[in-house]
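Chemist: First to last, the protein sequences are chains A and B. If you read the first sequence in our numbering, its first letter stands for residue -18, the second for the next number, and so on. If you read the second sequence in our numbering, its first letter stands for residue -18, the second for the next number, and so on.
It is worth saying that the hints were derived from the structure and are not from the lab. Misleading hints may appear alongside valid ones.
No copy is singled out in the list; a pair is fine if it fits within one copy or between any two copies.
[Stated by the list, open to error] List of simulated lysine to any residue pairs, SDA-like, C-alpha gap at most 25 Å: (1) K8 to D180; (2) K360 to G272; (3) K360 to E234; (4) K8 to L258; (5) K360 to V371; (6) K395 to R104.
A quick note: this is a predicted structure, and the numbers were derived from the prediction, not measured.
Residue-level listing of the chains:
Number of protein chains: 2
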Amino acid sequence: MERVDTDAILDEVNTALSSGDWNRAVKLIEALRPPDQAEIFHDLPAPDQDELLPRLDLEDSADILEELEEDEAADIASRLDPGELASILDEMEPDEAADLLGDMNPSQAVEVLAAMEEPEEVRPLLIHADTSAGGLMTSAKITLHAELSAEKALEHLRVLAQSSDDVYYLFVVDADMHLVGVVSLRQLVIAPPSTPIRDIMDRDVISVEASADQEQAARLMSRYDLIALPVVDAENHLLGIITHDDLVEVLEEEATEDIYRLGGVPGEQAADAPLPLALRSRLPWLVLNLGTALISAVVLSLFEDTIARVAVLAAFFPMVAGVSGSAGTQTLTVTVRRLALGELLARESLQTLGREVLIGLCNGVTVGFIVSIIALLWKGTPTLGLVAGVAILLNMIAAAVAGVLVPVGMQSLKFDPALASPILVTTLTDTVGYFIYLGLATLAIVRLV
Amino acid sequence: MERVDTDAILDEVNTALSSGDWNRAVKLIEALRPPDQAEIFHDLPAPDQDELLPRLDLEDSADILEELEEDEAADIASRLDPGELASILDEMEPDEAADLLGDMNPSQAVEVLAAMEEPEEVRPLLIHADTSAGGLMTSAKITLHAELSAEKALEHLRVLAQSSDDVYYLFVVDADMHLVGVVSLRQLVIAPPSTPIRDIMDRDVISVEASADQEQAARLMSRYDLIALPVVDAENHLLGIITHDDLVEVLEEEATEDIYRLGGVPGEQAADAPLPLALRSRLPWLVLNLGTALISAVVLSLFEDTIARVAVLAAFFPMVAGVSGSAGTQTLTVTVRRLALGELLARESLQTLGREVLIGLCNGVTVGFIVSIIALLWKGTPTLGLVAGVAILLNMIAAAVAGVLVPVGMQSLKFDPALASPILVTTLTDTVGYFIYLGLATLAIVRLV
């Protein structure tokens, strides 16, 4: 089946709402899957959202709050009656409920938590930082002891797993809740019924500490193809598990963060963040850009006399600075992505540098040659062609060096290479480009005027 | 546990190999998990790889070939004896085996396929395009019929699921292999033993057609939190399933593709692709950039007289063109990413445009004002400040418009918005910037000389 046509259903829901037919609106939404419910719900006006949510099944309300963007969910939740919200939270996955409470104002969150039926599943999750492994985990509802037989374990599971959660792996603990192994549901099912868990479990279980960064948890899960990752404290006590849907979310979040940072949009940027927030995430970057443009401006100012005498030089600025800037961005992009994916290890930096300089040299020779020909044919000045061509060749090599060394250096200084590297690399290609080009032109000025 | 220190183990393996101690090298590698085995293996010289692989367990060899980059795996595979390779392929996941065979030269692949014990699992997977849903799927080894009881289904599973594959969902088919439902292993385990599958299965099963793009399959899986997605033909016959590890791989691949395209590296770019291939993926983009720089060059040439008379104008080129280019890149980046994540729907384009123009206006006023002040303080020319400030303001608005309309337009024309948009947007901000700035300067020339 294909994705639902949410445009059409949104229209139907809006028609129902405008004629006050709440029942029809409820039916239309309840017939959908959670992500589609949330997409429709997101597009309704706030008053309609507030009227509609309490009329939905508790489970549907819980699904919608889980699927909405965090800020929006917190907004809607804080407008609900605390008792009502508590009942919805009881239906949510504990980690999602904890995230929602964490996004609300603290006094309201405390009130809601007190009204919940099962606050003890959510409370321990509230203490972990949002972007840590602990912040991603949900409570491990079912744990097994190593002495249990496969048959007893399955019985245990039948009693506990009546809710809608999917269970694929079961983690095995000792009497003190130390994590000692993992067994898959498949292994339990196919094992002879009397086999003790300790004989079928895998003792080599990959886990992550609660304080680790969420990206580290995601890298472990994706590297080792895990659909559940247990989270432990420093003494290896099992605290919870991270599930595959969190993995997918973190991977997309981290990719978005890298894409935004490389594109000059540092900081979070929700699609419909209020305008002041959007400005705050973009303006500082532009002002920083302005600062680096000022460095280029100073270089250009140094050569004002040369430019005044040979104004035709200006026509080649976009080629000398721009194309080398693009080459630097190419190298930087490849390097940053390989660092992020863990594909570029420290031991390979030198080899990468050599490789990129060689690529820069080849590209520089080609592009420099084309520009020389353009200058010769267009302006009829061989010296101009030579000056521009050589400037591009040298700048391309500088771009390749900067494109590797800047992000690798950032990474080894524990900064995110995606964050500051783009501006450093283009500043470098701009200033070096202008300096070499105008410097050479000044040296050859008698042949240019 | 943490990631293994592969640096240290690589050293140990190299020491063992240099003293001819194959047994020790084999032991060191076999003690690792597959991704770590592959990382070490990748760093060994080819002759050592060729000697070592046949000495490893078939299962370890299969794991390594599965985990290596596709090109490298195909290289190594094609150097193996066909009979030996066939035995390794029999141990691999059918989809991975099919991918590997697809990357080898056809005559060799046919020979190896003929030598396999179970070619029938792999053969049907070979016909699908590499980047289609069909190309991702693996064979669905276990299917259930709706009339079976839960107990019989579990027995069936015990007989079939002795291999190492993890099974989480079981897909239910009718007598003609039409996909009719899905049941999780958990549901089977907790259902009363005599319940027929038809009473516990979920009939609302999400599937994808084999010809669909892999990105569409990945979007379905991530949107609906699926860890297995059934692949069907046009008549809803079950052909295979896509598993969660493929989802993660596709998401990373698609993110990398977008990052590379936005960074001006279109086309695939393996980390250690041979140099000519790397050049082929980068040089055309630079030449294209050169072409667009030529447009800016023509604009600059038009105003050669103005530049010759007021050379100080050149100092502000990097601010007028560069900072607006950065603003355009910001808008473009946010728009492209939201399109890729399916967060920006057609019905929201106009609203997005208005929002971005407003952001452009605010940023333009701020940055334009700062530049005016810089011009006034540095060069002591109020007119220059006014000209540069107004040019930046107008160019920022142009950048915002281009940053939304170009990618949205590309998408609606069925092009990838990440591919050509960056160059279009910066070309636009460059030429519009120079034109407005130098045009205004020419109009105000008497107050500037």
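Chemist: Hints first: check each against the structure and report whether it holds.
Modeler: A quick look at each hint next to the structure:
1. Within a single copy, K8 and D180 get their C-alpha atoms only as close as 50 Å, which misses the 25 Å cut-off; across copies the closest is 24 Å, which meets it.
2. With identical chains, the CA atoms of K360 and G272 are at most 25 Å apart between copies only, with a shortest distance of 16 Å across copies and 33 Å within one.
3. Within a single copy, K360 and E234 get their C-alpha atoms no closer than 50 Å, and across copies no closer than 45 Å, so neither meets the 25 Å cut-off.
4. Within a single copy, K8 and L258 get their C-alpha atoms no closer than 37 Å, and across copies no closer than 56 Å, so neither meets the 25 Å cut-off.
5. Taking the shortest alpha-carbon separations for K360 and V371, only the intra-copy value of 17 Å comes in at or below 25 Å, while the best inter-copy value is 31 Å.
6. Taking CA atoms no more than 25 Å apart as the test, K395 paired with R104 passes in neither setting, with 32 Å inside one copy and 48 Å between copies.
In the structure shown, a violation is registered for the earlier hints numbered 3, 4, 6, in ascending order.
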